[in-house]
Amino acid sequence: MTQRRYASTVTEALDRADARHWTRQPPRSHRSRTRYLLQHTHNDPQALATLLAVPKNDILGALAGDTPTDTQAAKTERELLRQWQPQVRRRAHRTILDNGGLLTVSFRAWFGFTAAVGTTDDPRLRFLTTSLCAPYPERLFTAHHRSSPEQELHRILGEALAASYFHQRTSSHTQEAVTLQKIDYLEFSY
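Residue numbers for the sequence shown follow numbering that gives the first Met the number 0, beginning at 0 and rising by one.
Keep in mind that the hints were calculated from the coordinates and are not lab data. Only a predicted model underlies this, so the values are computations on that prediction, with no experimental measurement involved. Where hints are given, some of them may not hold.
[What the hints assert, rightly or not] In silico EDC-like links for lysine to aspartate or glutamate, alpha-carbon gap of 16 Å or less:
(1) Lys55 x Asp65
(2) Lys55 x Asp43
(3) Lys181 x Glu11
(4) Lys74 x Glu11
(5) Lys181 x Glu149
[Stated by the list, open to error] Label-pair restraints from in silico Cβ distances:
(6) Leu124 x Gln150: 20 to 26 Å
(7) Ser146 x Thr22: 21 to 27 Å
(8) Asn42 x Leu127: 41 to 47 Å
(9) Arg123 x Thr68: 33 to 39 Å
(10) Thr22 x Ala52: 25 to 31 Å
(11) Thr66 x His39: 22 to 28 Å
(12) Thr129 x Arg34: 37 to 43 Å
Glycine included, every Cβ here is placed at the ideal spot set by N, Cα and C.
Assemble the whole structure, with the sequences as input and the hints as a guide.
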């Protein structure tokens with residue numbers, strides 16, 4: 000697949016991590032990808048066009064073998080990555096959670112936090128790698144399976160980072176609120 004090198008959303012980063020567990024590779028041609036996605040919309044080109052936010056004629060053109068625009072190809076690829084091998088994905092998540100749920104996140108983003116009353120660390124560009132502790136991996140997987148909005152996944156990741164970053168060796172006595180903005184790079188490993 001011709002994806003961007005790094006994910007910039009939580010959803011995309013989870014999908015990329017899931018891709019490491021695939022048992023077979025997805026279709027490569029734009030036409031094959033479109034046909035696969037069309038099956039998941041009950042062969043309704045209008046439904047697929049709505050899902051991809053492209054005109055219906057673009058879907059029909061793809062099925063006829065027309066060369067897609069870069070935007071259309073990226074949207075089709077992104078949706079294929081999101082839908083490919085859902086059973087394999089869920090089985091990998093269950094195995095990970097049953098074996099301690101180790102989930103590592105690496106990111107480069109504007110990271111800031113607020114802690115005790117009157118203290119703050121304004122967001123600044125940071126590169127961090129940390130392991131997320133239970134129950135956050137399961138919460139991320141569950142929200143992702145429900146196709147939750149990016150804001151909810153962002154909130155869960157923020158809570159997980161607060162627990163991991165501030166309380167690795169101590170119990171939580173304060174409630175730090177982590178902000179993660181302008182994600183430049185985000186990767187999950189499991």
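ask   = So which of those numbered hints doesn't the model satisfy?
value = Structure breaks no hint.
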